[in-house]
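> The hints should help you fit chain B with the ligand onto chain A, whose structure is shown.
Chains as they are written, first to last, in numbering that gives the first Met the number 0: chain A, 0 to 198; chain B, 0 to 173.
Watch out, some of these pointers could steer you wrong.
[As the list claims (entries may be wrong)] Calculated cross-link-like contacts (lysine-lysine; reagent style DSS-like; alpha-carbon spacing at most 30 Å):
1. A/LYS62 to B/LYS54
2. A/LYS116 to B/LYS44
3. B/LYS54 to A/LYS47
4. B/LYS54 to A/LYS116
5. A/LYS62 to A/LYS186
6. A/LYS186 to B/LYS44
7. A/LYS186 to A/LYS116
8. A/LYS93 to A/LYS116
9. B/LYS44 to B/LYS54
10. A/LYS93 to B/LYS54
11. B/LYS54 to A/LYS186
12. A/LYS62 to A/LYS116
13. A/LYS93 to A/LYS186
14. A/LYS47 to B/LYS44
Quick caveat, the hints were computed from the structure, so don't treat them as lab data.
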Amino acid sequence: MEARVMEPQPADDLDLVQETVAGTQASFELLVERYQSRMFALARHYTKNPVEMEDLVQEAFLKAFTRLDTFQHQSSFYTWLYRIATNTILDWMKRRGRSPVTSVEDPELIGEPSRVKIAAPDAQMERNETARITHEVLEHLPDIFRQVLVMREFEEMAYQDIAETLGISIGTVESRLFRARARFKDKLLQLHPEFGQGE
Amino acid sequence: MNACTDSRPLIMSYLDGELSEAQAAPLRKHLLECQPCRASAQDQKNLTRWLSTAKQVEEPVHVPRDFAARVARRAFQGDRGALTVEAPMAVLPQRRDERSFRFVLVLTAAAAVIVLCFAVAIRQMTLPTSSRMMAQDENVLPLDKTIQELDRLNARDCEAAKPDVKPAEAGRRP
Ligand SMILES: [Zn+2]
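The following block holds chain A by itself, in its conformation from the complex:
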């Protein structure tokens, strides 16, 4: 503890976890503060409703709290928290009954990519406009595909981490990601055919 007085560094996540488990509410508050923005950014990919967003993030933190004593520091706290948040979102999606979350592996289907190639976002186009179109397309994808794209493209997770977080094999991650991208492309071209390039 004295060491912390010498070093002005912020408290380590693990310290905060241990202090929380020992009963210090303020330490948990610090942990929440540290990661709340990233959690809200994650939830935003699945709902635009601010109340739902807040519910999801709160739920994730409350779940994390009840399992804090099981947190071992072989993974970073964020990775651990992210996994809980992802599962919270999965449960929520299932409860809303919007997506068949586990039943859609069809690796056979992926053999036929569409002939039309896609253009990179126009260099002249506003980046905000590119982002708007991208989110518009993402919103049209089934949750199961959006989820894996969010993990890969926005969270920049390795296949292995995605596999562990979702409890699926790396082979399944690959095929799901491949199909998610194919669907993203199809949807983008369907909504905005002007971004297609002939063979």
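Structure of chain B with the ligand alone, referenced to chain A:
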């Protein structure tokens, strides 16, 4: 063995930086020699550009004031969290607020009847111009259409998945 057939499934993993050098080296060589595979790689790269651009311009999130304090307080009060998001069949109030809940139900029903009456009345009044009404109705429904579209896509996924019940095995290449 066809070099293209071997290479195509690896392109995505290669672009994602997920291949070992031993896997990547022959693929790179093939890409240099094969225009169609190169085009496929370029296509996938272009696609990724959309997503990476969107990531770069993500708007800052809005976290409600005192969120952390509130969550920490609830956690220490023993709140284990149970999502109250629209779960249609799930939890109806079982506790003492049941009576007030019933009252709300009655009120809601009454309101619904009133709204219905109004709707019918308005409908009657505008019957002569009903074709215009129809056109407006179509504009009111984009959300429903989106949901229908989602359902349709999901249903198609389920249908497509049926013949192959087993999930993809570990290490299986797409
Ligand atoms: Zn080739």
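> Compare the structure with each hint and give your call.
Hint check results:
no.: 1; hint: A/LYS62 to B/LYS54; in the structure: holds (28 Å)
no.: 2; hint: A/LYS116 to B/LYS44; in the structure: holds (11 Å)
no.: 3; hint: B/LYS54 to A/LYS47; in the structure: holds (17 Å)
no.: 4; hint: B/LYS54 to A/LYS116; in the structure: holds (22 Å)
no.: 5; hint: A/LYS62 to A/LYS186; in the structure: violated (35 Å)
no.: 6; hint: A/LYS186 to B/LYS44; in the structure: holds (17 Å)
no.: 7; hint: A/LYS186 to A/LYS116; in the structure: holds (13 Å)
no.: 8; hint: A/LYS93 to A/LYS116; in the structure: violated (34 Å)
no.: 9; hint: B/LYS44 to B/LYS54; in the structure: holds (15 Å)
no.: 10; hint: A/LYS93 to B/LYS54; in the structure: holds (26 Å)
no.: 11; hint: B/LYS54 to A/LYS186; in the structure: holds (19 Å)
no.: 12; hint: A/LYS62 to A/LYS116; in the structure: violated (44 Å)
no.: 13; hint: A/LYS93 to A/LYS186; in the structure: holds (23 Å)
no.: 14; hint: A/LYS47 to B/LYS44; in the structure: holds (28 Å)
Violation of the numbered hints given earlier is confined to hints 5, 8 and 12; the remaining hints are satisfied by the structure.
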